[in-house]
Amino acid sequence: MSVATQDTAIRTGRVTRTLIYLVLVLFALFYMLPLYVMVVNSVKPLEEITGGGMMNLPVVFTLEPWAKAWSSAQIGVEPTGLSPYFWNSIKMVVPAVAISTVLGALNGYVLTKWRFKYDTIVFGLILFACFIPFQIVLIPMAKMLGLMGLAGTTWGLVLVHVVYGVGFTTLYFRNYYAVFPTELIRAAQIDGAGFFQIFWRILLPSSGPIAVVSIIWQFTNIWNDFLFGASFAGAGSQPMTVALNNLVQASHGVKEYNVHFAGAILAALPTLLVYIVAGRYFVRGLMAGSVKG
Amino acid sequence: MGFLDIDNTTKSYGAVEVLHKVDISVQEGEFLVLVGPSGCGKSTLLNMIAGLEEITSGEIRIKDAVMNGVHPSKRNIAMVFQSYALYPNMTVGQNITFGLEMHGTPKPERDKAMKDVASLLQIEQLLDRKPGALSGGQRQRVAMGRALVRNPDVFLFDEPLSNLDAKLRVDMRTEIKKLHQKLGTTIVYVTHDQIEAMTLSTRIAVMNGGYVQQLGTPQEIYDAPANIFVATFMGSPAMNVLPAKVEIENGRPTAQVILHDGSTVSLPFSQDNMKDWAGKEILLGIRPETITDEDAADRKSSNIAHMTNRIVVTEPAGSDTFVTMTLGGKDVIARMRSDANVQAGADFTFAVNMEKAVAFDPKTEARIAP
Ligand SMILES: Nc1ncnc2c1ncn2[C@@H]1O[C@H](COP(=O)(O)OP(=O)(O)OP(=O)(O)O)[C@@H](O)[C@H]1O
Ligand SMILES: [Mg+2]
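These protein sequence lines are chains Y and B, in that order. For reference, each letter of the first sequence is one residue, going 1 to 293 in our numbering. For reference, each letter of the second sequence is one residue, going 1 to 370 in our numbering.
Keep in mind the hints are simulated off the structure, nothing from the lab. Check each hint, because a few of them may be wrong.
Unchecked claim - Straight line, CA to CA, 25 angstroms or less: simulated BS3-like cross-link-like pairs of lysine-lysine:
# : chain 1 : residue 1 : chain 2 : residue 2
1 : Y       : K113      : B       : K363
2 : Y       : K113      : B       : K130
3 : B       : K245      : B       : K363
For reference, chain Y alone in the conformation it holds in the complex (with noise of 0.2 angstroms):
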């Protein structure tokens, strides 16, 4: 594996190899700085940041502001922090993204093993679900989540994201399911499997990297979602990024920055324990059936 990286790396010398690290590290310096601002002001007393030291360590160290955006700042009215509202979103995020990534595999099988006819045309108006514009759809949206008794409601929101997201799931499930051999479906039909015994039994247990795709994808664009959560959730069912702007935007009081950029990073940590924990089977997700082995 070294060797061969050796031979084909481009060779470089020690001046070029230097100046390229010091750009790199330039780079990550500048990428690195919004989150060390984050970081450091979520961790000092509000006076340290009114008192312009925005880019300055913290004199005195407190985790108050997390505690205080986690547990009793005001948001809206109520004066709860953002927990109830965490776990509003944790309750929408886990349903719809394992009812998309399902989905999504279901109709890659159908499309690639299960073929009928026009399936490539039933696959193209899938894939033009990847292209509407989230604004088009928020008026009939609204009206058919009233129709159906689900408006305001956490499963309301939880439906939304699954329709929007069985566009992406079933494009990442499809291609990677084309490569599949048949071979393999047609040995089970013959061994007696059935329809959804062949799915789990031969097909999902093979799927493991494009799963990782589908859940990553599905879960940072949920769990980041603003506008059909501002658009379509209750008062109990509003979601994280609903629940943080309200704390940032609140017209009255002193603005507690610390406290804001705790509740920020609050907000974005899920979606980082995710890219921790699976992001590596993500570009081997991504890359996987472009070439072979």
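Assemble chain B with the ligands onto chain Y, guided by the hints.
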């Protein structure tokens, strides 16, 4: 009625008919090989027997039960695929028993069946491995084990040896033949390798362009090919086919063939019905191994003809030496003993076993004799 009947079966994709009225009846315990060039419809026919492809018209019956529309798992067939199609996420043992599990066989019985098959194929030590950790030959065995364990009425093989290297292919060929002799099951086997077809089969169906060109025992196919396609497809090197004119000499029909220098040699036919072609052009088929030196000529043959012709090229191949000459305006290959005294550029007297010669109608390309 046979054990497996393919009755006037056709297959169309849209408006294109890829199999035309195939009619084959297979007896119990037979080893039928479907052979033909790429794209001739072998796999399609096999998949129709398996139930993986629909039958456009006609009927397929197994043990007199009509199989049209019957699900693959309900036909009591087992199939070995070209790519082996082993389930990558399961161990060898699970691969072998998956079919039994799907058919609701209880675990103790499954385990016993697995052990029996594993010992038959000598793969006991591999049962806990995943297919990814097996060699090509081992995968091949596992794929056969998966088929055997079901104890099916008919085995279907789709080019099972084509992914193996040459040596392993020969070994596995013998193994499959042994297995068939031992178990006596009915087998339909697809290959495009004519040697596999000859060595394994009890009967061969030679296919081309969606038609069965000839159905018969290996001997029939080899000695009396139905037409020029079958004659040249089966056998290696291929049968020599050259133009000749039929003339009667001393009351006997003969083939007049032009030698390298433009002179004519007269090769007498063994078949009297060639008289009907007197004065007409035909195509003469001569297998390379029936052109030899005088000493190696078949002593049992009642009809050895001689001709002296110029040798163009000699190709020693160890056990044989292949000799190329110009005959009837074509390159004609003779298969000689390796110690035959042949030299390129020299004239040589060949012995031709005309008892084995085949004649074809130049218009229809069908066989007219024997
Ligand atoms: N789904 C399909 N749609 C249209 N034509 C098809 C389809 N599947 C196969 N064919 C055609 O049917 C013919 C027979 O194909 P088949 O796979 O049976 O060939 P084969 O004899 O097995 O060849 P090979 O030795 O290459 O495997 C080919 O001409 C092929 O192009
Ligand atoms: Mg084929």
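Ascending list of hint numbers which this structure does not respect = Structure breaks hint 1 only.
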